[in-house]
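Counting from 15, one number per residue, gives the positions in the sequence shown under the working numbering.
Hints in this document: simulated from the structure, not taken from any laboratory. Backbone N, C-alpha and C fix where the C-beta goes; we use that ideal spot for every residue, glycine too. Warning: the hint list may mix true and false statements.
What the hints assert, rightly or not - Taking CB as the label site, the calculated pair distances span: (1) Thr115 to Asn26: 21 to 27 Å; (2) Glu48 to Pro163: 38 to 44 Å; (3) Ala156 to Ser97: 19 to 25 Å.
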Amino acid sequence: MEDLTASWQSLNQDIITCRACPRLVSWREQVAREKRRAYRDFDYWGRPVPGFGDHRARLLVIGLAPGAHGANRTGRVFTGDGSGDFLYEALYEAGFASQPTSRHRDDGMVLTDAFITAVGRCAPPANRPTADELNTCRPYLAREFQLMPQIEVIVTLGQLAFDGCRR
15 MEDLTASWQS LNQDIITCRA CPRLVSWREQ VAREKRRAYR DFDYWGRPVP GFGDHRARLL
75 VIGLAPGAHG ANRTGRVFTG DGSGDFLYEA LYEAGFASQP TSRHRDDGMV LTDAFITAVG
135 RCAPPANRPT ADELNTCRPY LAREFQLMPQ IEVIVTLGQL AFDGCRR
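Given the sequences, and given the hints that come with them, work out the whole structure.
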């Protein structure tokens, strides 16, 4: 169990400290500095976003990439934006989430038997990562798959997430 915990910590650290894609690094940091007016008093995360949830999950949900003013702001995938509102409410109704909304990283949200991640780890300009950027992130998703051999169901949210999952 300690090895598994250390493996997750290592993976998350590798994700959070990644600076491999200059365009994405520049964009995510610019968004974090300039902020949207509604969030001007918030401290933005402004870094790559790791997956979130139960490491023993049988359900894996895979999205495209963090939202500029959602996960790029909060530091937790699908948190703090409209897509997260829909996803967490659905997970709550199905018994996978402890609450129907997820507003910030420390809001008490707990996922049971579900894990959420993305094929891209940085908020991309116009919500469009390039193929090269997604390829750069691919090893992170592969490591998550290796750490969760018990996954039984994978739900991909969109064509790019589906394609990224299949590679």
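**Report entry** Hints the structure fails to honour
**Finding:** none
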